[in-house]
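A.B. asks: Sequence:
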Amino acid sequence: MRKLRTIMAPIAALAIIATACGSDDSADAPAEEPAAAEEPAAAEEPAEEPADEVAATQGGDITFHMVTHSDDGPFWSVVKRGMEAACEDTGVNCVWLGSNNDPGVQVQMIEQAIAEGSSGIASALASPDQLVGPLQEAVGNGIPVVTLNSGLNNWQEIGALSHVGQDEIIAGRGAGERFNALGATKVLCGRQEESNVALEERCNGVAETFNGEVVSQFVGLDADQTEQTNSIAAVLAADPDIDAFIGVGPVIAMSGLAAANDSGRELLGIGGFDMTPELLSAIDAGDISFTIDQQQYLQGYLPIVLLYLNVTNANTAGGGQPVLSGPGFVDQSNAAQVATLVDAGTR
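Reminder that position 271 of the sequence shown reads as 274 in my numbering, one-by-one numbering, no gaps.
Check the hints yourself; a few may be wrong.
[What the hints assert, rightly or not] Computed Cβ-Cβ distance ranges for the label pairs, DEER-style:
#1 Ala184 - Asn144: 47 to 53 Å
#2 Gln340 - Asp75: 49 to 55 Å
#3 Asn318 - Gln139: 21 to 27 Å
#4 Ala339 - Asp105: 16 to 22 Å
#5 Gln139 - Asp242: 40 to 46 Å
#6 Ala339 - Asn144: 46 to 52 Å
#7 Gly63 - Thr349: 24 to 30 Å
For the record, the hints were derived by calculation from the structure and aren't laboratory data.
Quick reminder that beta carbons are idealized off the backbone N, C-alpha and C, glycines included.
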C-alpha cells in the first residue's frame, strides 16, 4: 500500500515546485523594477492550475461501485475491507453494494451504478446468464468494468479490463489430490448456493483429480447453518460409502464437521474453501484437514487499483489474462500463522 501512496508524492511535489516557480517570478519582478507595484498580483494567476490538477489526479471526483453477491458474511467482509483500503490509498469514493446471493437484485444494483454515472464498476459474476448483459451495457456507456471473485470465463465477453480471482477448477484439482493422499474413496462436495457457477467449478475440479467418486450437492444456505448441518447429516446417513466431505466455503465446511460429529461418522478427511477464525481453529486442532485460500482481500483491493489506473492513466494490466489471487492451501502446518492475519482482517 505504500507504493500507492508514493505515486501521489511525486505529483504533489510537482505541484509544489510549480507553485514555487510562480512565487520566484513574482519575487524577482519587484526587485528589478520597484515602481511596478501591480506585477505581483498578475504573477499569482498560474498558481491555481497546479492545485486543481493535483485534486483531480488524487481522485476526489471519482466514484467506483463494487457490486457483488455478498451476504455480509466473514468472506465478503474481508473483500469489503480490501476495497475500502484501496479507496483510501487512491483517494477515490467507493460504493459497496451486496445482493445477498440474489442475481436479480445484483442486476438492479448494476443498473443503479450506471444511472448514477459511476466512474467504474467492479462486479462479481456468480450468475453470468443474468449479469453479462447489464455489465456489457455499462461498458457500452463508457464505464470501465473489472470482474472479481467469479467471472473467469466471461469477463472478456463483457469487455471488462480484467478479472481478479481464483481459477476454481485449478483450486478444486488441488483438493482432489489432497483427498487421494488421505485415502478417501467417495467425497461429498457440499454447495451453499444453487446457481453459483464458481462453486460448481470447485466441485468439478475435485472430480477431475480425485481417484474415487464425487457427489456434488446443494445442502442449504450459509444463512441457516442449523438447516445446512441437518441437510449434510441427512446425505451422510443416506450414503454410508461417503468417507470425506468438502464444503465450497468456510461456513459450510464447519457445518460438515458438525454433521459428521452429530451423526457419529468418522470421515477420512474434511476440507473447505476460504477461511474464518473458527475454521482455522478446527484445522489447527486437526479436526479439519485443510482449506483453500483464494486471498479475497486482493479481490477487493486490486479491482479498485486497476480501475483507478485506467481512469487516471489509461492503463490496463494482465496482458489479456486474469489476475489470479489463489489458490493457496492452509493446513495444520500454517494455520496458526494465517490466523493472526485473519484477526487483522486481511486474510
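A.B. asks: Failing hints, ascending?
C.D. replies: Checked against the structure, the hints that fail are numbers 2 and 4, while the rest are satisfied.
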